[in-house]
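2 protein chains.
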Amino acid sequence: MVTHNRRMANSRSGDSVLERVLRILEAFDTSAPSLTVGALARRADLPQATAYRLVDTMVRHGFLDRSFDGRIRPGLRLWELVTRCYPARDLHDAALPFLQDVQSVVEQHTQLAVLRDGEVLVLERLSSPHSVVNQASVAFRMGVHETSMGMAMLALSSQEAQERYLSEHKDADALFPGGLRRALAEVRARGYASLDGFQDAGTTGIAVPVLGRTKHAVAAIGVVVPTGTTPHAIIAVLRAAARGIARATDEDSASSFNEN
Amino acid sequence: MVTHNRRMANSRSGDSVLERVLRILEAFDTSAPSLTVGALARRADLPQATAYRLVDTMVRHGFLDRSFDGRIRPGLRLWELVTRCYPARDLHDAALPFLQDVQSVVEQHTQLAVLRDGEVLVLERLSSPHSVVNQASVAFRMGVHETSMGMAMLALSSQEAQERYLSEHKDADALFPGGLRRALAEVRARGYASLDGFQDAGTTGIAVPVLGRTKHAVAAIGVVVPTGTTPHAIIAVLRAAARGIARATDEDSASSFNEN
Chain A
455 MVTHNRRMAN
465 SRSGDSVLER
475 VLRILEAFDT
485 SAPSLTVGAL
495 ARRADLPQAT
505 AYRLVDTMVR
515 HGFLDRSFDG
525 RIRPGLRLWE
535 LVTRCYPARD
545 LHDAALPFLQ
555 DVQSVVEQHT
565 QLAVLRDGEV
575 LVLERLSSPH
585 SVVNQASVAF
595 RMGVHETSMG
605 MAMLALSSQE
615 AQERYLSEHK
625 DADALFPGGL
635 RRALAEVRAR
645 GYASLDGFQD
655 AGTTGIAVPV
665 LGRTKHAVAA
675 IGVVVPTGTT
685 PHAIIAVLRA
695 AARGIARATD
705 EDSASSFNEN
Chain B
455 MVTHNRRMAN
465 SRSGDSVLER
475 VLRILEAFDT
485 SAPSLTVGAL
495 ARRADLPQAT
505 AYRLVDTMVR
515 HGFLDRSFDG
525 RIRPGLRLWE
535 LVTRCYPARD
545 LHDAALPFLQ
555 DVQSVVEQHT
565 QLAVLRDGEV
575 LVLERLSSPH
585 SVVNQASVAF
595 RMGVHETSMG
605 MAMLALSSQE
615 AQERYLSEHK
625 DADALFPGGL
635 RRALAEVRAR
645 GYASLDGFQD
655 AGTTGIAVPV
665 LGRTKHAVAA
675 IGVVVPTGTT
685 PHAIIAVLRA
695 AARGIARATD
705 EDSASSFNEN
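In order, the protein sequence lines correspond to chains A and B.
Here the first sequence is numbered in our numbering, starting from 455 and rising by one per residue.
Here the second sequence is numbered in our numbering, starting from 455 and rising by one per residue.
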């Protein structure tokens, strides 16, 4: 997401500063949750002197935290400010009790996600110590046609959004017997999506859409179970939870960030 | 947290821009999770023209989201970047399965918190539809001596941190029979804190510290139950969970943000 199309410095609008702040925040990921300023400068493609100066400013304002050994992380103060009122919070808070119910019955990873920029963005994930391996993680993204949650949302998106996705992902056809369009039609007919081993071998994702008033998906909930698990009871539990979440969610706020 | 001690504009370091960005993010709270730009300008104490310009820039970079009706919220992209690697994430992720266990047994609000800037910062909160009323909410703060989680952490903080808190909160003595110092000694002797109705009438908070290697608190977990609930089983469940969280947490990362 780093943009190399740099604008001219414009201190009045703050454009250049915010672009650099964004590049610094984008430099962190699970493989590098904390960084030295030198490593941060390289990953954010900023001159060392610029990085040192900007990191100092960001630490001073709570955008970054500096630990005792000098390493830098995104700031707890920034987390606090954003988490209070981020756009998906109403949906997340409404969904959490239902996710707990699903997790306590299925006893495997239980997730909530939305579509964002043509990708699946994971909003919440509940696990158990004995859950199967799964790479999904809160605030990370996955491919739409590579996850059951993505398929559940895409199949219940507007015709326009589906056609756009199909035209941009012609390579996905090879992954589904009969192609992606037919796979989506099957998800729509069944009311759930099931994908074997796309994320991790030996695991199956099962997901259902959370439908808004227009009967398009505003989110999806899903579980990851060992491949071969009988899905019927799981699908029933997920469907009941999805209905509960839809009822508990203020749709106007939910549909304002899910892009379908 | 808004600083009115404004520095001179310094476009090289980005200080003035980040200060304004911070004031904009601080303007949102649960009573105003989304705002018009005009209201945002007033709450952030910024000239309208400055606010319009900066909001445009922040929306362009994903720091803010603008909904179809023009109202502004903190951005989902910013949430995503910060949530991936915020300093308390390791602690949060390690604690979540234990919080689920406690919540499924006690069936009342179950929370995880740390000390920050002399306040209790709530990191997670699991609830049930039939839980009692409680005002605590993820990413919000509460007073240390007004919450059982705060008392559990303060009582197990360093002598120095406790003395500093006691000298800065002499008014708290009137709230505890025998004073705050004695109340803290009791929490330490018992290993848990219990407070009736400080946050909401008819409710009791019960909390235990999560201890680090130095036997100081790195966090606290607590539940909110109807006043009069027999606490013994709850305390046993909380203690077992706190030990599990301590074992599952990388203490170096935990102790780097809890200030005690």
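Don't read these hints as lab results, they were simulated from the structure.
Don't take each hint at face value.
Restraint ranges, calculated between C-beta atoms of paired labels, are given here [as the list claims (entries may be wrong)]:
id	chain 1	residue 1	chain 2	residue 2	range
1	A	547	B	690	25 to 35 Å
2	B	499	A	654	43 to 53 Å
3	A	547	B	547	13 to 23 Å
4	A	561	B	510	44 to 54 Å
5	A	694	B	510	54 to 64 Å
6	B	597	A	682	20 to 30 Å
7	B	632	A	693	54 to 64 Å
8	A	643	B	693	45 to 55 Å
9	A	561	B	499	44 to 54 Å
We put the beta carbon where it would ideally sit given N, CA and C, even for glycine.
Evaluation of the provided hints:
About 29 Å separates the C-beta atoms of residue 547/A and residue 690/B, a value consistent with the hinted range of 25 to 35 Å. Between residue 499/B and residue 654/A the beta carbon distance is about 50 Å. The supplied range of 43 to 53 Å therefore holds. Checked against the given bound of 13 to 23 Å, the beta carbons of residue 547/A and residue 547/B, roughly 19 Å apart, stay inside it. Residue 561/A and residue 510/B have their C-beta atoms about 47 Å apart, which keeps the hinted 44 to 54 Å range intact.
The beta-carbon spacing between residue 694/A and residue 510/B, approximately 43 Å, falls outside the hinted interval of 54 to 64 Å. Distance hint for residue 597/B and residue 682/A: a CB-CB separation of about 52 Å, inconsistent with the stated range 20 to 30 Å. Remark: the range hint 54 to 64 Å for residue 632/B to residue 693/A is upheld by a beta-carbon distance near 56 Å. Distance hint check for residue 643/A and residue 693/B: the Cβ-Cβ separation is about 51 Å, which falls inside the suggested range of 45 to 55 Å.
Between residue 561/A and residue 499/B, the C-beta spacing of about 51 Å keeps the proposed range 44 to 54 Å intact.
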